[in-house]
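Chains as they are written, first to last, in this note's numbering: chain R, 143 to 347; chain B, 143 to 347; chain D, 143 to 347; chain S, 143 to 347.
Hints listed in this document are in silico derivations from the structure and should not be mistaken for laboratory results. Don't take every hint at face value.
Pairs count within a copy or across copies, as identical chains cannot be separated in the list.
What the hints assert, rightly or not - Quick list of in silico lysine to any residue cross-link-like pairs, SDA-like style, CA-CA up to 20 Å:
(1) K218 x W280
(2) K302 x D253
(3) K218 x S195
(4) K218 x F320
(5) K302 x F229
(6) K301 x R255
(7) K301 x P194
(8) K302 x L270
(9) K218 x L332
These numbers were taken from a predicted model, which means no experiment stands behind them.
There are 4 protein chains.
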Amino acid sequence: MDRETARVEAFSDGIFGIAMTLLILEFRVPPLPQGAEDGRRQLMLELLHLWPSGVAFLLSFGTILIMWVNHHGLFKHAHGADNRLLFANGFLMLIVTFVPFPTAVLAEYLDRRAANVAATFYCATFVLVSISYNLLLWSVVVNRRHDAAWPEATIARVKKAYRMGLWAYLIATATAMFWPYLGVAICFSLWPLWAMLRYYERQMK
Amino acid sequence: MDRETARVEAFSDGIFGIAMTLLILEFRVPPLPQGAEDGRRQLMLELLHLWPSGVAFLLSFGTILIMWVNHHGLFKHAHGADNRLLFANGFLMLIVTFVPFPTAVLAEYLDRRAANVAATFYCATFVLVSISYNLLLWSVVVNRRHDAAWPEATIARVKKAYRMGLWAYLIATATAMFWPYLGVAICFSLWPLWAMLRYYERQMK
Amino acid sequence: MDRETARVEAFSDGIFGIAMTLLILEFRVPPLPQGAEDGRRQLMLELLHLWPSGVAFLLSFGTILIMWVNHHGLFKHAHGADNRLLFANGFLMLIVTFVPFPTAVLAEYLDRRAANVAATFYCATFVLVSISYNLLLWSVVVNRRHDAAWPEATIARVKKAYRMGLWAYLIATATAMFWPYLGVAICFSLWPLWAMLRYYERQMK
Amino acid sequence: MDRETARVEAFSDGIFGIAMTLLILEFRVPPLPQGAEDGRRQLMLELLHLWPSGVAFLLSFGTILIMWVNHHGLFKHAHGADNRLLFANGFLMLIVTFVPFPTAVLAEYLDRRAANVAATFYCATFVLVSISYNLLLWSVVVNRRHDAAWPEATIARVKKAYRMGLWAYLIATATAMFWPYLGVAICFSLWPLWAMLRYYERQMK
Chain R
143 MDRETARVEA FSDGIFGIAM TLLILEFRVP PLPQGAEDGR RQLMLELLHL
193 WPSGVAFLLS FGTILIMWVN HHGLFKHAHG ADNRLLFANG FLMLIVTFVP
243 FPTAVLAEYL DRRAANVAAT FYCATFVLVS ISYNLLLWSV VVNRRHDAAW
293 PEATIARVKK AYRMGLWAYL IATATAMFWP YLGVAICFSL WPLWAMLRYY
343 ERQMK
Chain B
143 MDRETARVEA FSDGIFGIAM TLLILEFRVP PLPQGAEDGR RQLMLELLHL
193 WPSGVAFLLS FGTILIMWVN HHGLFKHAHG ADNRLLFANG FLMLIVTFVP
243 FPTAVLAEYL DRRAANVAAT FYCATFVLVS ISYNLLLWSV VVNRRHDAAW
293 PEATIARVKK AYRMGLWAYL IATATAMFWP YLGVAICFSL WPLWAMLRYY
343 ERQMK
Chain D
143 MDRETARVEA FSDGIFGIAM TLLILEFRVP PLPQGAEDGR RQLMLELLHL
193 WPSGVAFLLS FGTILIMWVN HHGLFKHAHG ADNRLLFANG FLMLIVTFVP
243 FPTAVLAEYL DRRAANVAAT FYCATFVLVS ISYNLLLWSV VVNRRHDAAW
293 PEATIARVKK AYRMGLWAYL IATATAMFWP YLGVAICFSL WPLWAMLRYY
343 ERQMK
Chain S
143 MDRETARVEA FSDGIFGIAM TLLILEFRVP PLPQGAEDGR RQLMLELLHL
193 WPSGVAFLLS FGTILIMWVN HHGLFKHAHG ADNRLLFANG FLMLIVTFVP
243 FPTAVLAEYL DRRAANVAAT FYCATFVLVS ISYNLLLWSV VVNRRHDAAW
293 PEATIARVKK AYRMGLWAYL IATATAMFWP YLGVAICFSL WPLWAMLRYY
343 ERQMK
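Just chain R, same shape as in the assembly (with noise of 0.2 Å):
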């Protein structure tokens, strides 16, 4: 990794962590009126009936976490920061500032009629988030050095990777505009790929 590319990844660093971080401010102090009669059962109930504010908290910090967990791994094969990775990276970032509206709005539905239309966009999204990865890929492995450090087999099964990725995605969309829960139900059992996805070999660590 080279300076350019260094720039980058901490500019990509603070978006991340500044949507992560924006996050919180979908909390707000439950007001209660000054002289309710039970003031304790009644907070406690307010802050219990925040649940689906803090799921949609947990999901929107988790995905953007193994996002930034992905793009760690990524970079470190990135050299030379030419526009090609600029827009690749940029249209990556405007997804994940995006990322959690659609959560929010999932998190908001998902126990309502409407609960097909919230996933049907939650799965769409991450469509998005799949292809604006695959972009990113491609533009790294572009330039990538050919050495050692990368072999080919280790791209060709990211690669792989991603393109399941994204297939995955694309029947998620389509299946949750019928079966809303199994749709989101596919999403997140790709969590555990991302979040073990290696970018290099074992024995070259």
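Using the hints, position chains B, D and S against chain R.
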């Protein structure tokens, strides 16, 4: 590039990144009455009705991303962070931070009677953007090292592009007062210019 | 410390910084009717009535600052950013981001009947903070280099402080259910411990 | 400057940057009834009526920018990030984060009857700013290396400027209680002093 300018660059990157990320705060989960008859259709319509926010988001994000790429290119040649550079850069940061506001005004009013006010406001902001980039270029050029890394020909080419940009935005602003769509079109027609502007000669890369 | 952990550290610093800065969004300029009789007195009273926001601001800011100082101390000894460290750190970031919310609830309800609910919620959050620091410490210790820079005695001392902290917060949570002020007092009595905790031996500085 | 202080500096830069960027959240797209008679005139007036937000934005941005430039100058001489420096810097960050609030209060109330309350609040904040800079200077000076890079004469000059600043802000605060415009004028008359304050001797650059 030395340590001094590296800090200014990192600081600027932070501001670019935050300005891009704050754009998402425009989006709010559409509220739907709990017992709505046909929640699905309603939520879909509500989400579709967010398109002006979507357009503003895309425009602002793209604009700031392109500004960042150019900042990146310019700072490759920066040497020594004197007060001139610090304040020229500070003025640019002021404008970067401000850009999302006229963009949101534009997205809100472009299809309404007040379109020319919104368009003029938008174009005028880019006159400021252009002025600040001209100032920054000047403060970078003043401190440049006279070596092969940045030949006078390249400087002259960048200077010319910046000066032309300023004139184009001035003309766009005057045009937008009467023909808002044309004024905005001039602004956007410059995007490829800025996205493609090179800050080095091809053979020296 | 190597480049890998430096990136994790920078990323975390960003989140710490943003979480601290977002706290100011709590403050809003008090609105005053334009033709108010005695505007001076009214504005002064309005500003004074913001004291709970002020208290929440100071508490959250101080808490996150101390957490940052400890993160700083811990990462001096971090080597190698494996997935274990990335996710332990990610979990801590989740909690850092969350801390302002229970603090605001505490500031709002500490002088009202629901005080014990707010205090329990506040103390319980610090149980999570403590768990996440214990996890992070563990993931740093696992990857440590066995050299003089971090003798086993220091590790044992830090470990003990972290474990004691966890117990203290658990006790504080249980206490706050019945005596809210006492529970919160236990939490705050640990501030000096964390502010002073050294991650190196004095003679090796 | 070493790696330790570099991290503190990067962290502070993040907070400076975010505090500056959050200022834009003050601006909201003015809403206009859909079927307004003369939308153009109305939108123009609405945009012009945002001038107090504009003034607050410019003042806060300029203030934090100048504070950042000085932080920059001071940290060039910092060696070793001990707890003293960490907490002095943390206190400064607290104030940096807070500055936009009194500035907004000032912009809102400067042309109304409560002007002296707003002006006193504003000036008093800068007493805190000044105190925090004096603390930070002290904690930097204590750890300084006794070499030619920072001669005692320069330190004495900076110290004197800082001490004079504190007195000026104290006088401004007292003045603002009775003559709000004069108090604020004293504060602003110090801007050039801080913008120009050098942290090195000219010949050593």
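Status of the hints after comparison with the structure:
1. K218 x W280: within (14 Å within a copy, 25 Å between copies)
2. K302 x D253: neither (35 Å within a copy, 45 Å between copies)
3. K218 x S195: neither (34 Å within a copy, 35 Å between copies)
4. K218 x F320: Result: close neither inside a copy nor across copies, 40 Å intra and 51 Å inter.
5. K302 x F229: For K302 and F229, neither the intra-copy (23 Å) nor the inter-copy (24 Å) Cα distance is at most 20 Å.
6. K301 x R255: neither (38 Å within a copy, 50 Å between copies)
7. K301 x P194: neither (35 Å within a copy, 35 Å between copies)
8. K302 x L270: within (17 Å within a copy, 38 Å between copies)
9. K218 x L332: Neither, since 22 Å and 34 Å both go past 20 Å.
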